[in-house]
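Engineer: So the protein sequences, as listed, match chains F and A.
Residues in the first sequence are numbered from 1 upward in steps of one, following our numbering.
Residues in the second sequence are numbered from 1001 upward in steps of one, following our numbering.
Quick caveat, the hints were computed from the structure, so don't treat them as lab data.
Beta carbons: idealized from backbone N, C-alpha and C, even for Gly.
Just so you know, not all the hints are guaranteed correct.
Claimed, not checked - Which residues of chain F face chain A? A few of them, derived with a C-beta cut under 7 Å, are:
no.	residue
1	F14
2	S40
3	R43
4	L44
5	H50
6	A83
7	M84
8	K96
Unchecked claim - Ranges between beta-carbon positions, derived for each pair:
no.	chain 1	residue 1	chain 2	residue 2	range
9	A	G1058	F	F76	21 to 27 Å
10	F	P18	A	E1101	41 to 47 Å
11	F	R41	A	S1027	35 to 41 Å
12	F	K57	A	S1051	16 to 22 Å
13	F	K65	A	S1022	25 to 31 Å
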Amino acid sequence: AQRVTQPEKLLSVFKGAPVELKCNYSYSGSPELFWYVQYSRQRLQLLLRHISRESIKGFTADLNKGETSFHLKKPFAQEEDSAMYYCALRDQGAQKLVFGQGTRLTINP
Amino acid sequence: KAGVTQTPRYLIKTRGQQVTLSCSPISGHRSVSWYQQTPGQGLQFLFEYFSETQRNKGNFPGRFSGRQFSNSRSEMNVSTLELGDSALYLCASSLGDFLNEQFFGPGTRLTVL
């Protein structure tokens, strides 16, 4: 069965410190992986996807098929990064997204 | 472009009643997906409609149903409401091709008393 696990419900780091939000997945095929972010009082929005191999707002994520992980990283956290982050998997050939439980990231000044 | 809109934003119902939620996708988008968000279960996929046809379905009971109109607007209906149906219901729209990004609406907060 498809599953996405985000082991940390809460993560708190200081401004300027590196950030890593963990995501592990379980899927038998070749999944498409995403990170979504929800800032306070805003709607859920796409942050990045593994096929794009982009860096968005300083965040990067590398798909590691051997470890079935898709961790989100940023070298220097900023206060505006405080938000809820969701890792998600999409079955190839479908619009269905399977979400992790989310990690609430708080950046302390 | 206007974003995905959902109406109503808040709804209070009692057990046993039924409810209909509406989602208007971004202009030109033909796919609408629905998700339920609760503190305990997180975000769970309900179903997806594309060109008025249900294309994917999640693991929810038959009390949860939906439809899509020719203008791509979608409605979801929940019959015989239970307390556990209290949740934020999100819809997302996309162009419909499997590589397209999904854009989420603000959600409808349903409270069942």
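Engineer: Return the numbers of the hints above that this structure violates; sort them in rising order.
Structural biologist: 1, 2, 5, 6, 7, 9, 10, 11, 12 and 13
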